[in-house]
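Go by the hints and put chain E onto chain V.
Chain by chain, the residues run as shown.
There are 2 protein chains.
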Amino acid sequence: MKLIEDLNWRYATKKYSNQTVSDENVALILESIRLTATSLGLQPFKIFQIDQPELRMQLKSAAYNQSQLVDASHVLVFAVWTQVTEEMIDDYLNLIANTRGTSLDTLQGFKKSISGFIGNKNQSDIIKWASNQAYIALGKAMTMAATLRVDSTPMEGFDPAKVNEILDLPTKNLHAAVILTLGYRDAEIDPLANAQKVRRPIHQIFEKI
Amino acid sequence: MKLIEDLNWRYATKKYSNQTVSDENVALILESIRLTATSLGLQPFKIFQIDQPELRMQLKSAAYNQSQLVDASHVLVFAVWTQVTEEMIDDYLNLIANTRGTSLDTLQGFKKSISGFIGNKNQSDIIKWASNQAYIALGKAMTMAATLRVDSTPMEGFDPAKVNEILDLPTKNLHAAVILTLGYRDAEIDPLANAQKVRRPIHQIFEKI
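Residue numbers (the numbering used here), protein chains in the order written: chain V, 1 to 209; chain E, 210 to 418.
Derived from the structure by calculation, the hints contain no laboratory data.
Being a predicted model, the structure only gives us computed values, none of them experimental.
Careful: at least some of the hints might be erroneous.
Here are the computed lysine-lysine pairs in the DSSO-like style, where the Cα-Cα straight-line distance is at most 27 Å [unchecked claim]:
(1) E/321 - V/121
(2) V/15 - E/320
(3) V/46 - E/406
(4) V/162 - E/321
(5) V/60 - E/337
(6) E/224 - V/60
(7) V/162 - E/406
(8) E/381 - V/128
(9) E/321 - V/197
(10) E/321 - V/14
(11) E/371 - V/128
(12) V/60 - E/417
(13) V/128 - E/211
(14) V/2 - E/255
(15) E/320 - V/2
(16) E/255 - V/128
(17) E/417 - V/172
(18) V/162 - E/337
(19) E/337 - V/172
(20) E/223 - V/208
(21) E/406 - E/223
(22) V/111 - E/224
A short list of chain E residues far from chain V (calculated; beta carbon distances all over 12 Å) [as the list claims (entries may be wrong)]:
(23) 226
(24) 243
(25) 245
(26) 270
(27) 280
(28) 321
(29) 361
(30) 379
Where a beta carbon is used, it is the ideal one built from N, C-alpha and C, also for glycine.
Looking at chain V on its own, in the form it has when it is part of the complex:
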């Protein structure tokens, strides 16, 4: 089955070649992120594509010098919301009303649910909740990349406080959750490019009850 083949093909690329991912493929990967299911449909994240070489160098320093942050064709930082204001909720409800041609009045019950859900959370809870949604998007993006035979590397190994500072995220009420680099493997110098994939057998991670 093609998608299973694609998922077997992908691995966490350590060494990228100089080849660039096409605008068309990047757009498809971004669209898979945009279409991601999120809690309440709020899409509580923003994706930053880091093109400036100086910023990439700084990110590398904040991420244990992982070379992909400089060498990869594309670097995507998944930044998540640190707060959900009433204005953000209203923007979302307007989007629903406009998209579906319904009135805002019919959405007041939904607004109350969202406000109640958000109202119970402190900033750390919001970041955790929003990060979970970003990770769903990460899964979709990696899957889409694999179907396009674009290599990718998910990265959690960085200092979030430093990345926040480098990208000036706190002033935008955002927090760096996870990074994804995109590009093409350099199979000759990446020792993992031809290594057997290591996964536990299904009976160890799955049970019917």
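For chain E alone, kept in the frame of chain V given last:
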């Protein structure tokens, strides 16, 4: 593009028909979960397929009576590790050594990295970290389901303590992170089946810097 069409086709199904997802399709969805990239490759989760009607009823009670938990063809609970013991790390290193035909000696540096990483975390940190990995798997599973035109509903709206108790997860050092139901939409009674998908435009969730 087929995968984008699939992602546009999917939505959070509220009302399922009686149609059952085939074993073959469930196996493909589980395989997409098994192949998921996870932090350090540890796969810190276990998926429970809940078949017993009595357990499904109890889950429904613990999840604001969401009917999908009883009506869907399949219910998958993503349970995550609450601890990472030295034995679990050793099991993983043995799996790497066996899969790749390398010696355990060459993996001692990696073992030290894992132990250092885990050693800095308390139980709440472990659950958060492991949940992030489960959410990547959730993204993959939903994508795979969509390509098979199997409907799915991700669910966070439940009381984790109750679900833990119902499934006896704490005794297995596991914690309920998220639930995914699978099946086929009943388009005639699900008001969302034909509703326009609501997503913010790409310029609102993406920026190049």
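Original post:
Can the restraint linking residue 162 of chain V and residue 406 of chain E be considered satisfied, given a maximum Cα separation of 27 Å?
Top reply: violated, 36 Å
**OP:** Please settle this one: residue 270 of chain E was flagged as non-interface, so is its CB more than 12 Å from every CB on chain V?
**Re:** Residue 270 of chain E is indeed farther than 12 Å from all Cβ atoms of chain V, at 17 Å.
Subject >> Pair hint residue 111 of chain V and residue 224 of chain E, alpha-carbon separation not exceeding 27 Å >> reply: holds, 22 Å
Original post:
Between residue 417 of chain E and residue 172 of chain V, does the CA-CA distance stay at or below 27 Å?
Top reply: OK: residue 417 of chain E and residue 172 of chain V at ~15 Å, within 27 Å.
Original post:
Taking C-beta pairs only, is residue 321 of chain E more than 12 Å away from all of chain V?
Top reply: Its Cβ never comes within 12 Å of chain V, the nearest being 15 Å, so this holds.
Original post:
residue 243 of chain E: least C-beta distance to chain V exceeds 12 Å?
Top reply: violated, 6 Å
Original post:
Taking only the CA atoms, is the gap from residue 60 of chain V to residue 417 of chain E under or equal to 27 Å?
Top reply: holds, 18 Å
Subject >> 27 Å Cα cutoff - pair residue 337 of chain E, residue 172 of chain V >> reply: Given that 27 Å is the threshold and the Cα spacing comes to 24 Å, the pair holds.
**OP:** Please work out if residue 224 of chain E and residue 60 of chain V have their alpha carbons no farther apart than 27 Å.
**Re:** violated, 47 Å
**OP:** Say whether it holds or is violated: residue 226 of chain E keeps its Cβ farther than 12 Å from all Cβ of chain V.
**Re:** holds, 20 Å
Subject >> Pairwise hint evaluation, residue 128 of chain V against residue 255 of chain E, where the allowed Cα distance is 27 Å at most >> reply: holds, 21 Å
Subject >> Check on residue 245 of chain E being off the interface with chain V, judged by Cβ distance over 12 Å >> reply: violated, 7 Å
Going through the hint list in order, the structure does not satisfy hints 1, 6, 7, 13, 15, 24, 25 and 29.
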